[in-house]
Amino acid sequence: NAGVTQTPKFQVLKTGQSMTLQCAQDMNHEYMSWYRQDPGMGLRLIHYSVGAGITDQGEVPNGYNVSRSTTEDFPLRLLSAAPSQTSVYFCASSLVLAIYNEQFFGPGTRLTVL
Amino acid sequence: GESVGLHLPTLSVQEGDNSIINCAYSNSASDYFIWYKQESGKGPQFIIDIRSNMDKRQGQRVTVLLNKTVKHLSLQIAATQPGDSAVYFCAERDTDKLIFGTGTRLQVFP
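Chains as they are written, first to last, in this note's numbering: chain L, 237 to 350; chain W, 279 to 388.
Calculated directly from the structure, the hints in this document are not laboratory data.
Since this is a predicted model, take the numbers as computed values, not measurements.
Check each hint, because a few of them may be wrong.
Stated by the list, open to error - Okay, derived cross-link-like pairs now, DMTMM-like style, lysine to aspartate or glutamate, Cα gap no bigger than 20 Å in a straight line:
no.	chain 1	residue 1	chain 2	residue 2
1	W	Lys346	L	Glu308
2	W	Lys375	L	Asp309
3	W	Lys320	L	Asp274
4	W	Lys375	L	Asp274
5	L	Lys245	W	Glu317
6	W	Lys320	L	Glu338
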């Protein structure tokens, strides 16, 4: 199993550009989520999905869209990048969000918006 | 290098000593709690979790204690090793979401 994979590893955007961060898992997990991590802060939840076709907002959803057309993939779209979106983005998955169901994190995407 | 955690509280311990990392949580309705370890440049890694109806749970070299009265969680690491150096986060489940704390950096000195 490859686990949770994220692409790209690094990205530089100009203000106003759009892009999609890719996330995929091969563990047949139902629950997937996106977090951002800023210096000196913990992870903040952007969006999550409890299964294919179902998505919901987390703590900081503004400026981001997600979709979940398959169990495996959960892309995160930045509609019009802003410098405030400079951060490290982590995707995570677990079978379900419940105790004794470990959540696995991807290696992260480091995004800089100029 | 990794810029995350520049302003995090830091715990410095000597190799072989025990470490205690603390966390305050906010939601008394959270039904379980998790500790994660994050090494520089990597994603968080699960360490141990505990259900809200438990006070203590032990793993390999780690123990999590839960005090619901004061909404406090702690992670104890026995015989701390250099490989334990990382940032440690607690998280609580709020329905379908995990809410993370700000983290503590653990530095282990020889």
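These are the hints, each one checked on the structure:
1. W/Lys346 with L/Glu308: violated (37 Å)
2. W/Lys375 with L/Asp309: holds (19 Å)
3. W/Lys320 with L/Asp274: Status holds; Cα separation ~14 Å.
4. W/Lys375 with L/Asp274: holds (19 Å)
5. L/Lys245 with W/Glu317: OK: L/Lys245 and W/Glu317 at ~16 Å, within 20 Å.
6. W/Lys320 with L/Glu338: Holds, at roughly 17 Å.
Consistency note: the structure conflicts with earlier hint 1 alone.
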